[in-house]
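Peer 1: In order, the protein sequences belong to chains A and B.
Under the working numbering, the residues of the first sequence are numbered 34 to 451, in order.
Under the working numbering, the residues of the second sequence are numbered 34 to 451, in order.
There are no misleading hints in this set.
Note that identical chains are pooled: a pair holds if it fits in a single copy or bridges any two copies.
Taking lysine-lysine pairs in the BS3-like style, the calculated list, with each CA pair at most 27 Å apart, reads:
| # | residue 1 | residue 2 |
| --- | --- | --- |
| 1 | K277 | K313 |
| 2 | K145 | K134 |
| 3 | K145 | K387 |
| 4 | K388 | K145 |
| 5 | K387 | K134 |
| 6 | K388 | K277 |
| 7 | K388 | K134 |
| 8 | K305 | K327 |
| 9 | K351 | K305 |
| 10 | K305 | K387 |
| 11 | K277 | K387 |
| 12 | K351 | K313 |
| 13 | K327 | K388 |
Simulated from the structure, these hints should not be mistaken for laboratory data.
Given the structure is predicted, the values throughout are model-derived calculations rather than measurements.
Protein chains: 2
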Amino acid sequence: MTVIEELNQKGQLAKTSSYQLATLSTEIKNQALLAIAGALRNETAFLLAENEKDLAQGKDSGMNQGLLDRLALTEARIAAMAEGIEQIAALPDPIGEALSKTVRPNGLNITKVRVPLGVIGIIYEARPNVTADAAGLCIKSGNAVILRGGKEALCSNRAIVQVMQNAGYRAGLPVGCINLIENTSRESATELMRLNEYLDVIIPRGGAGLIRAVVENATVPAIETGTGNCHVYVDASADLSMAKRIVINAKTQRPSVCNAEEKLLVHQDIAKEFLPDMLKNLSDFGVSIVGDAKVCSLFPSATLATEEDWSTEYLDLKIGVKIVENLEDAIAHINRYNSRHSEAIITQDTEAAKKFQNEVDAAAVYVNASTRFTDGFEFGFGAEIGISTQKIHARGPMGLAELTSSKYVIQGTGQIRE
Amino acid sequence: MTVIEELNQKGQLAKTSSYQLATLSTEIKNQALLAIAGALRNETAFLLAENEKDLAQGKDSGMNQGLLDRLALTEARIAAMAEGIEQIAALPDPIGEALSKTVRPNGLNITKVRVPLGVIGIIYEARPNVTADAAGLCIKSGNAVILRGGKEALCSNRAIVQVMQNAGYRAGLPVGCINLIENTSRESATELMRLNEYLDVIIPRGGAGLIRAVVENATVPAIETGTGNCHVYVDASADLSMAKRIVINAKTQRPSVCNAEEKLLVHQDIAKEFLPDMLKNLSDFGVSIVGDAKVCSLFPSATLATEEDWSTEYLDLKIGVKIVENLEDAIAHINRYNSRHSEAIITQDTEAAKKFQNEVDAAAVYVNASTRFTDGFEFGFGAEIGISTQKIHARGPMGLAELTSSKYVIQGTGQIRE
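The following block holds chain A by itself, in its conformation from the complex (with noise of 0.2 Å):
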């Protein structure tokens, strides 16, 4: 089968699918994520040993230690994995709701309900709990849903997907509703992303590469998701034990993810005080630190930042430090470089919080606290697709909502057009 025919085939597959989910009861939706989350559990040898060959191709091929660790699967991982979706079956149908109503002058009534997207492509890397994540996402909003994973994880994601379809066809979900691309070149992925016919929005989860893909190729619509530059300013008037507690944080907690902080803004006023413990702490946490002349000055192990530093996301342990003006010049900053992530300001001054908050073009504005917070169960959402870094559709984490779209429902009376 090429590319196309795979693509086609499951495309419609989805399609027919995705209207009977469309209007599949709440409770067999529930029914089937339990079970499928039951037979997640039951299936833990076969799901092991299907990991095993993915693994095993991994290092025959060279993988490092890292990429190896995001691809295995172990028990306890795998029963995290059922429990995820136990927790979206736990959670409330966004289906059905009604949005808005309105009896117009002439007796119309129209109401806006929540429908599902219809069919979602979902291209992601190398973590296999992602195909059961986003499926289950996807089932319990009334999606179907067209997964392409990574090459690497070919084995994991096959055998994650036949067992949530057998034990979700049996609980009465529709044939076709969970698809997996088997093809996984390169081109699969870019005529996923043109798979207009079918899909009604593509959501890619991975890094910049990825997303640069997406918004170069894709004709289908888009969500943006996961690029994260993002910025603590410490303002003049922080405190400025809690500034430090938070830039330890919000940088070396988890460094490899999207609202990790990736530059430190400093107001010139605090900078002498502030900047050479803090930088020594950092360091002392094993961050390298790049930074503006300034900040090479008064901590002599900085580098010198480069123009790309300012606008590149390291999720590593490294950190670019610059020293402005005031707060106009730190907005201006962040404004210019950001990918439109998460930002924190570090101030005691309620109106350069509130001037950061307004003025900040980003999905999440923090006032002191860490942007680590950034993250759909942190906002209480219970579950997450991703985190859109765009603004049209959704803005920040998504949960089950923004998997959703709207209809107008409009009752007559046989009222015309004058």
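With chain A held as given, fit chain B onto it using these hints.
Peer 2: Just chain B now, with coordinates in the frame of chain A:
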């Protein structure tokens, strides 16, 4: 100045302006809109003179009477443009609204606030009134706008934008909030669709060709508008005189618009009783009829429809007619061929109505009313930038709220992630 230079220059201006616009008070925005409306009225002679140049050029190049009529400004049309701006001023300001508030167990205070999209690009065709309309809606919703109108209307558009810019600036709007691309080559449209550095969203307003070009070429997030291959399905239980009134209205009241009826589906049980008289009536209104074989045998002056007919938006006094076996058949046909715009069922059977509204995939689904009501004004939004036929961000008529995004603002007291 090259196309790219013009786009970059105006893009940068618009971006800078958008940050100022985002924090402008409702009062200043409204005063500016009223000042703009007044200026459009005061400058009627200037606008008519500039429009005259476009009309002369159009006649010279053999433009047809329909297009010349769409291009023409008159005192009444300029007054209507000014009135439209005044109506926008009177609408509630969507910006700053708190969409949700939550306090997390760790004390983080999370508010989701409505904010402008930023910079909106609009690509449109002949009618110069779109210029004033679109700019007015963007200003009210706190967005900077880059307009790229058709070359036939360049003098008119330039004059309108100049009057709006001057009056707006004197009333407190930032420089660069309204921009017109004066290079009207195809390249300027294509490059505007790819101006990701400055644009947050692109909205095409025009025919199927323009929409296709945007889907194919845009790298900026786009909102598809407008194409309407709308169906009216007359069910077995329909009140046939109501059905006839609605079909005539939906097809003939204004056949050139996107919410006009393009296809008529009729349940086989009533086809013999209903169709001959219905089609005779449509013929009397000058409507040409294509149909399936059964329709042609019931109404011999109909022409046999081709496969292409079922997906074609005629925008003319022409209709495609098909006899369907039952409700399921009607729904399947609509979901296969429609453009997700507006669909209607005429029925006295509430179960059939419910099934149709649940299962038909479209922005607006009517029971016992004309499809012609899909319109921001008819829905009570007070204004409209277009009708979205995609599922992400906005679906159906788009008013001011659909020109906004959101932002999470989070107030902490030093929280870090454990």
